[in-house]
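Protein chains in written order, with this note's numbering: chain A, 1 to 139; chain B, 1 to 229.
There could be a bad hint or two in this list.
[As the list claims (entries may be wrong)] 25 Å max Cα-Cα, derived SDA-like pairs, lysine to any residue:
#1 B:K127 x A:F106
#2 B:K67 x A:Q6
#3 A:K124 x B:A79
#4 A:K17 x A:R98
By construction, these hints were calculated from the structure, which means they are not laboratory data.
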Amino acid sequence: MKNYLQLVNFEINRFFKLYLILIGLTIVSQLSGAMIVSKIYMKNAKQMMAKRQFSMNQYIEEYGTFSFGQFTYSEWFLLPIFFCIAILIIYVFFIWYRDWFGKNTFIYRLLMLPLERITIYFAKLTTIMLLVLGLIACK
Amino acid sequence: MIEVKNVKKNYGRKQVLKGLSFTAEKGEITCLIGINGVGKTTILKAIMALTPINSGEILIDGEKIRKESFEKITFIPDAITMLPQMKICEAFAFMADFYKNWNFQRAEELLQFFKLDPTERIANLSKGNTAKVNMLLGLALDADYLLMDEPFSGIDIFSREQITEVFTSHLIEERGVIITTHEISDIEHLIDRAVLIDNGEVIKEFSVEEMRENEGKSVVDIMRGVYQR
Numbered sequence: 001m002k003n004y005l006q007l008v009n010f011e012i013n014r015f016f017k018l019y020l021i022l023i024g025l026t027i028v029s030q031l032s033g034a035m036i037v038s039k040i041y042m043k044n045a046k047q048m049m050a051k052r053q054f055s056m057n058q059y060i061e062e063y064g065t066f067s068f069g070q071f072t073y074s075e076w077f078l079l080p081i082f083f084c085i086a087i088l089i090i091y092v093f094f095i096w097y098r099d100w101f102g103k104n105t106f107i108y109r110l111l112m113l114p115l116e117r118i119t120i121y122f123a124k125l126t127t128i129m130l131l132v133l134g135l136i137a138c139k
Numbered sequence: 001m002i003e004v005k006n007v008k009k010n011y012g013r014k015q016v017l018k019g020l021s022f023t024a025e026k027g028e029i030t031c032l033i034g035i036n037g038v039g040k041t042t043i044l045k046a047i048m049a050l051t052p053i054n055s056g057e058i059l060i061d062g063e064k065i066r067k068e069s070f071e072k073i074t075f076i077p078d079a080i081t082m083l084p085q086m087k088i089c090e091a092f093a094f095m096a097d098f099y100k101n102w103n104f105q106r107a108e109e110l111l112q113f114f115k116l117d118p119t120e121r122i123a124n125l126s127k128g129n130t131a132k133v134n135m136l137l138g139l140a141l142d143a144d145y146l147l148m149d150e151p152f153s154g155i156d157i158f159s160r161e162q163i164t165e166v167f168t169s170h171l172i173e174e175r176g177v178i179i180t181t182h183e184i185s186d187i188e189h190l191i192d193r194a195v196l197i198d199n200g201e202v203i204k205e206f207s208v209e210e211m212r213e214n215e216g217k218s219v220v221d222i223m224r225g226v227y228q229r
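If we strip away everything but chain B, and leave its shape as in the complex, we get:
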């Protein structure tokens, strides 16, 4: 379980996270929802210790993040984090060199699924294919938790469909996923929990299925109620 407890974060004088708390369970897809600039990306970076926090605590399976944790949790940012001059196969070799949990078989499987050429340079890929390689580099790690930042932003509908397909496949099963988006309609049917964030705070956290069963409301209905008050 990922526990984010009362996290506060300032950028200069501006407080971006104002005591934000939520949990994300393994085997569930948790979606952080909010408009641009509410602190969704910052919280993912804070979980990965890519940005320092001012106060609060973040625990992964009850432990603070340390070097070994990076074999357990992986972050897929909205832009690829590999050198553009690298070929896809070279990026694979880089990952295999440093990560014990790099799963070559899964990487090959994903390569075929996304119809990518391993000899292609990252710099020469289309935006959609770059997003697929970015996702592939995260998914091919045997990590328990995946953090994805806006995986659908700025890519075409077919690439979007392919990436969505990944969520219903064995590639995600039994892993804990935290995904951020401001376009909830694409993945509403896939997510288990929704965490609505506004102005650096969690304003509502709920199970999507329970909400649908008990109150007959979709995530978009809840968002309308919360954000358009």
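If we strip away everything but chain A, and leave its shape as in the complex, we get:
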């Protein structure tokens, strides 16, 4: 069990810098997206109220209030999610590929560790799961 956790920790550390960048991108993009989308709503609302001589209550009655749902359909919310999904899908393959290929075949070191080989597989699987869950939690 200790070796399994050490391997998971090791695998997470290998991806951690890129993971922080992904989380940073998501937070920045979604926070700024929330502001931008709400400002666009307000701008449109003001224009519409001026054009049609609506009071704020009339406008809300006609078009509804700004909702979080409107933001979740905007590209500011969806694009970072798709980007993170794409990176993680690539990483599912890359987590194995980079150990088997290249000048330093690190997989030999992993396979020669005094532990059951299935532990290596589960450690990599757990790493991917934790990375996915972490991003979902962040969102």
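Could you slot chain B onto chain A? The hints should help.
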């Protein structure tokens, strides 16, 4: 003792090992000699269960390899098996985390012997120093058996001398070593047994000292007789 019994291995349709058998004793340096492509590296990988074999048997002290065996036997491949972005000290920490038999004192001793800086990243090391770190990672384990694949290939003469020095030191004493090479002249004076391989088969296995005493022949003389027939 490492026993390799009638091992056969195919890569696709090509048979790389054709019923190869030999033994390597603890306390002896056994050298697998052969030109490139005869199956030297494959047999080392097969001993470490890094590649599956089609038939035959490999025993380490009478047992098939299992996870505990990796504390008893270690493999030093021809290229380093650590992440290039790691510092030498980080590689040490990785080894210490997973191997009970990692000997920190010996690792420090070897670091000084090879004049390496532990804060240096593996990616920034010269070819010779990378080979030294690779060797260090294997030698610092308190393992009974060491398998070395072409430890001298592509490195400068001074690094070569330093690595050769290791073979005559206490670092190797009482361990069983299997080393592969196609440049026998560098280590001829160090080896106890020679196993000549050609085309996936052992064509001659002999004690170097006995051969020298009884027939007055060096390993190179025997190789000439065998390979230039």
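Results for each hint:
1. B:K127 x A:F106: The hint holds at about 17 Å.
2. B:K67 x A:Q6: 17 Å, holds
3. A:K124 x B:A79: Roughly 24 Å separates the two Cα atoms, so the pair holds.
4. A:K17 x A:R98: 16 Å, holds
Hint compliance for this structure: every hint is met.
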